[in-house]
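Student: If you read the sequences in order, they're chains A and B. Take the first sequence: its letters are residues 1023 to 1201, numbered as in our numbering. Take the second sequence: its letters are residues 17 to 229, numbered as in our numbering.
Errors might be hidden in some of the hints.
Per the computed footprint, the stretches of chain A lying under chain B, defined by three or more beta-carbons under 8 Å from a beta-carbon of chain B, are [claimed, not checked]: (1) 1030-1041; (2) 1044-1053; (3) 1080-1088; (4) 1101-1110.
Just a few of them, taken from the derived set where beta-carbon distance is under 7 Å, the chain A residues facing chain B [to be verified]: (5) T1096; (6) A1097; (7) W1098.
These are computed hints drawn from the structure, not numbers from a lab. Note that the coordinates shown come from a computational prediction; the quantities given were computed from them, not determined experimentally. Here a beta-carbon is modelled for each residue, glycine too, at the ideal position from N, C-alpha and C.
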Amino acid sequence: MRASEDELRGLMISGLDGNAGDHAALLRLLAPLLRAFYRYRADSGQDDIEDLVQETLIAVHTRRGTYDRDRTFTAWLFAIARYKMIDHFRRTRRHQPIEGLEEILTIEGFEDATSARMDVDDLLEILPPKQARMIRATRLDGLSVAEAAAADGIGESDVKVSVHRGLKTLIARIQGGRR
Amino acid sequence: MNTDDLITSLSRDVPPVRRGAVGRRILLGLAAGVLVSIVYVVARMGVRPDLAAAMHGFPFWMKWGYTISLSIGALVMAAQLARPETGRLRGLWLIAIPTVLLAGLGAMELIQTPPGEWLRMWLGHSWMQCPWRVLTLAMPIFAGLLWSFRRLAPTRLRAAGAAAGLAAGAFAATVYCLHCPEVSAIFVLTWYSLGILLATGVGALLGPRLMRW
Chain A
1023 MRASEDELRG LMISGLDGNA GDHAALLRLL APLLRAFYRY RADSGQDDIE DLVQETLIAV
1083 HTRRGTYDRD RTFTAWLFAI ARYKMIDHFR RTRRHQPIEG LEEILTIEGF EDATSARMDV
1143 DDLLEILPPK QARMIRATRL DGLSVAEAAA ADGIGESDVK VSVHRGLKTL IARIQGGRR
Chain B
17 MNTDDLITSL SRDVPPVRRG AVGRRILLGL AAGVLVSIVY VVARMGVRPD LAAAMHGFPF
77 WMKWGYTISL SIGALVMAAQ LARPETGRLR GLWLIAIPTV LLAGLGAMEL IQTPPGEWLR
137 MWLGHSWMQC PWRVLTLAMP IFAGLLWSFR RLAPTRLRAA GAAAGLAAGA FAATVYCLHC
197 PEVSAIFVLT WYSLGILLAT GVGALLGPRL MRW
């Protein structure tokens, strides 16, 4: 059963007054709540989610002084949960290798490749986000139309139309730029 | 570590938290920083010799009115950004009021002064030092606020850094008034504000790095 805002808030305030039992009860109620929160938002493995839940519980504990007793408890809680999620991904992403970097370095020379990619990025920037994303997926990342559609949760015809329109705009832009 | 075990170990240490803990933490860091700045002005820059007389005059209170009201406005924002659920910032317009008032005073000053004197009035005696001194005095105050914020829970780190920088700059300018003998409104509006803005910029740059938790 999901605990209600009033119940959680009551436990939190009691914990702030120094009642360790209520504080423990609060953290126990928060664990499944946070698990659901992260499972819904973060597309990652079970270990990752449990890490996030624990980090957030620690934050709730160490930063409990920043809760204002007159305000909504869940707003405070989920603000912390969201912050921890962003922070977590920022940290873990930093350790992932940049895709294809080795190839780029050995085959083409790094600068050419990056400036070419930057040109493409600049161009794609003038398009609506969906068109840019679809061109990137089908023409640069090498996904099939069906894969791109599944990845974005849209229909295949939508993908085709987006790519077509986007490319048309780009061609017009490049030709216009030469003149 | 198992989540249940974690909860058990966390719950071993549950000291009571008084109401207003956030405000107290901020004021403590602030007070420590301001104290260091005052000591620096007294010991290194020197308090202006005519301070007692100046405190009976208009320019001194014009300057303090500007810097103190900016300080309060900045603190109001910093206190909001010290909590995770900031939502929409309230009171942003508070810092516009003193700026607009001072600009009005500056305009009146310009009208009453012959244009030939304008440049001298605007640059005063110390325009080159003023912004840097304000920035220097802001550093200990910013450090104090950083000490406060590192135990609080800001989630918009750049905004929190900027607000702390703004507060540090405004309090530093308040302290600097003990030394600075300048009297013109457009001087204060330009060079004091520039120093305060520099401190705000430093805060915005450092916030995301130093306030993470």
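Student: All hints are to be evaluated individually against the structure, with a verdict given for each.
Tutor: Here is what the structure says about each hint:
Here the region 1030-1041 of chain A counts 5 residues with a CB under 8 Å from a CB of chain B, which clears the bar of 3, and the coverage holds. Interface restraint, the region 1044-1053 of chain A with chain B: holds (5 residues with C-beta to C-beta distance below 8 Å; minimum three). Coverage of the region 1080-1088 of chain A by chain B holds [criterion: at least 3 residues with CB-CB distance below 8 Å; count 7]. Counting residues of the region 1101-1110 of chain A whose CB lies closer than 8 Å to any CB of chain B gives 5, which reaches the minimum of 3, so the coverage claim holds.
Contact between T1096 of chain A and chain B, as hinted, is not supported at the beta carbon level, the nearest pair being about 9 Å apart and thus beyond 7 Å. This hint holds: A1097 of chain A has a C-beta 5 Å from the nearest C-beta of chain B, less than the 7 Å allowed. Restraint check, W1098 of chain A versus chain B: the minimum CB separation of about 5 Å is within 7 Å; hint holds.
Of the numbered hints given earlier, the model fails hint 5 alone.
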